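Participant: If you read the protein sequences in the order shown, they are chains A and B.
For the first sequence, position 35 matches number 35 in this note's numbering, and the numbering has no gaps at all.
With positions in the second sequence counted from 1, the corresponding number in this note's numbering is that position plus 1000.
Any given hint might turn out to be false.
Claimed, not checked - Pairs of lysine to any residue, SDA-like flavour, derived with a Cα cap of 25 Å: (1) B/Lys1313 <-> A/Ala264; (2) B/Lys1303 <-> A/Ala264; (3) A/Lys271 <-> B/Leu1101; (4) B/Lys1317 <-> A/Ala264; (5) B/Lys1055 <-> B/Gly1296; (6) A/Lys271 <-> B/Asp1301; (7) A/Lys271 <-> B/Ala1309; (8) B/Lys1271 <-> A/Gly296.
Hints in this document: simulated from the structure, not taken from any laboratory.
Remember, predicted model here, so these are calculated numbers, not experimental data.
2 protein chains.
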Amino acid sequence: MIIDCHGHYTTAPPELEAYHNAQLKILADGGEPSKGTVSITDDQLKESLEGAQLKFQRERGTDLTIFSPRASRMAHHLGNETIARYWAGHCNDIIFRITELYPENFVGVCQLPQFPGVGPENCIPELERAVKELGMIGCNLNPDPSGGHWTSPPLTDRFWYPLYEKMVELDVPAMVHVSSSCNPNFHATGAHYLNADTTAFMQFLTADLFSDFPTLRFVIPHGGGAVPYHWGRYRGIAQDMGRGLLTDLIRDNIFFDTCVYHMAGIRLLTKIVPSDNILFGSEMVGAVRGVDPETGHYYDDTKRYLDDAHWLKKKEKKKIFEGNARKVYPRINAKLA
Amino acid sequence: MIIDCHGHYTTAPPELEAYHNAQLKILADGGEPSKGTVSITDDQLKESLEGAQLKFQRERGTDLTIFSPRASRMAHHLGNETIARYWAGHCNDIIFRITELYPENFVGVCQLPQFPGVGPENCIPELERAVKELGMIGCNLNPDPSGGHWTSPPLTDRFWYPLYEKMVELDVPAMVHVSSSCNPNFHATGAHYLNADTTAFMQFLTADLFSDFPTLRFVIPHGGGAVPYHWGRYRGIAQDMGRGLLTDLIRDNIFFDTCVYHMAGIRLLTKIVPSDNILFGSEMVGAVRGVDPETGHYYDDTKRYLDDAHWLKKKEKKKIFEGNARKVYPRINAKLA
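Please model the entire structure based on the sequences and the hints provided.
Facilitator: In C-alpha cells, the structure reads:
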C-alpha cells in the first residue's frame, strides 16, 4: 500500500474561496459575519478531484492520500479569530465530505483556527471535533500565523503546550506547515514554506520539547526544508551545543516527507536521513504543476524517484511508502482495518 | 591557487565587541557617542589569527581567504544609523590592517553601515572608501537589517538600486549575508542564515533585476541555503511562472559557495549547479567548529570534500577553487598580480 502523507485540497471549486472572501469583506465593511454556509455540491467535489488528485493517484499508482485543506489558503493572518474559526470549520467539513465520498482514496487532516497573537488553546475544540467527529488523523500546525512576520513564539515555547497536550491525548501528529505570506520578502512556495521547515527543525534541535512530550510527533514537509542538505552543519551545531546526535533527536518525534522534486534531492534525503523518519509525500496537486523536460514526468511525481532509488532496500521502501505513515498517524490504522 | 571566498573575522580580540557594546551603552543611556577608537595592536591581530584562520589555511592547504568582518556581529539592528556607520568603519579598518599584515593570506570584503528603514544610499560612501582606499573587492549585503523581522523590501526592489549602481561602477559583488537574529524564532547560523539564502534566491528568480543590471553579481553563501537540494522545485516553479531555465537565470549573476559540511551535500551541489557558478568557501572559523566523528576531520574543511569529488573534472575544480573567484571578484586579480 502506498500512502501519500502530503496532499492539500488545492482544486476546490471557487465557491470555497468566495465564501472566505465574502466573510473578509463583511469584516472590512465593519460588520460581524455569522458562520454562514458554503454551498458546494457533492458533484462539484467529485468533479474537482476526478481530473486531478484521483487521476494522478491512478496514474502514479498511489493508494491513499492524507488530505487537508489548501495550505496557502489557511491564511491565518486574515480576518479575525472568529473568521479563522468559521473558515477552519468549513474547510474541515469539506475535507470530511471528500473522505466520505472517497474513503479508499483520502483520509483527513485538519486545519486549525489559528490567529496571530491568539494562544493555541482556541484550536483545541476544532481539533477534537475533527478527530472525534470527522475521523481525522492529524492537523496542520502553522508556526507563523502572521504570514511571514514571525511574531509567534518558537514551537518549543510553552505557549504551544496546551495544543500539544491535546495532540498527545488524541495521538495525532502535526505537519508543520505555514500558509501564504503577506511579507513581500517571502514567496510562499519558493521561500516561506522551506524557511519554515528549516526554522522549525532548528527550534526542535535547541530545546527539550520531546523530553516534555516523548510521544509528540511532527512531520516537517518539503523534504525538511534545507535540513538534509545541511545535515553536516546540523550535526556539527548539535555537537558544538552538546545536543547529541541528530538521529537520536528525531527518532520518535521528527519526520520528513519526500516532497523534493528531483532525483538528486531524493537521493540525498534517503541516503542521509534514516528510513524510519521519512514518509512518502508528493504535495500533489501543489506547488509545482509542470512536467520536467529532463525526465518527461511531473516534477511532483515523487513516487517515481523512490521507485528508482535502488540503494533503498525493499523493507526501507515499505516503511517510507506505508509503515511510517501508520506509525506517525496511528489513527490511520483503524481507517484501513 | 585556492581561494576561500567565505571567511569572517570571528576570532577578533574582545576589545572589538567591547567598543561596540560601549557605543550602544552610551546610546541607551541617552548619549550620542562619537566615533572613538578601537585599541587593538598588530600583535593582538596576529595572535588572533595565527592559531586559527592561518593555522587552518596551512593545515588544509588553502591559500587566500576573502575576509570580512564577523557576520553575526554586523548587528545592523542595534543602535542607530550613526553607530552602524562608526561600527562598519572600524570593522573594515581592522580587516584592512589584517590584509596589510598578511597580504598573501587575506583580501578584504567590507561590512556596510546598513540600518533598518534606512535606504542603502547611506552605504555608498563606506563602500567607496573600502574599495578605493582599503583595497577591498566586495561587500556583504544584509537583506534583512532588522535581524529577523524582514522589514526591508526584497533585494529586487528599486529601494536597493542606488547601491547596485555603485557596485556595478566599482565592479564589486555582494555576498548576501544576514547577521544575528533578534527574532527568537530564528537561530542565527542554523536557520536565519539559510533562510536568507533561500529567500534571496527566490527573490532573484521572480524579478528582472539582472535585466536592469546585467553585470551585478551576488554570492549566495552556505551552499545556496535550501536551493540546490530543491533544484527541481525551483526549476518547476520557474517553468510554471514562465521564467525560463535556472541555469540562464544564474549564469552571470548568481553564485553559490561550498559551505556545506558533509560530502552528500557537496555531491548534490556540484552535481546540480554548473561549476561556473560555484565558489570554494568554508566559512572557517565559523558556524561549526568541531570535528566530525564520522570522518575524523573538521566539518568545515570543505576543501577535503571537493578534493574527493571524483566526478568533477580537473578544469571544473580549478574554476571552483580559483577561476570563479577571479571572475566574480575581479579586483582580486590586481591583488594577485
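Participant: Evaluate each hint against the coordinates.
Facilitator: Hints and how they fare:
1. B/Lys1313 <-> A/Ala264: holds (19 Å)
2. B/Lys1303 <-> A/Ala264: holds (22 Å)
3. A/Lys271 <-> B/Leu1101: The hint is violated at about 45 Å.
4. B/Lys1317 <-> A/Ala264: holds (20 Å)
5. B/Lys1055 <-> B/Gly1296: Holds, because 18 Å separates the two Cα atoms, which is no more than 25 Å.
6. A/Lys271 <-> B/Asp1301: Cα-Cα ~21 Å, so holds.
7. A/Lys271 <-> B/Ala1309: holds (17 Å)
8. B/Lys1271 <-> A/Gly296: Distance ~20 Å between B/Lys1271 and A/Gly296 Cα, so the pair holds.
Figure legend: structure checked against the earlier numbered hints; the only hint not met is number 3.
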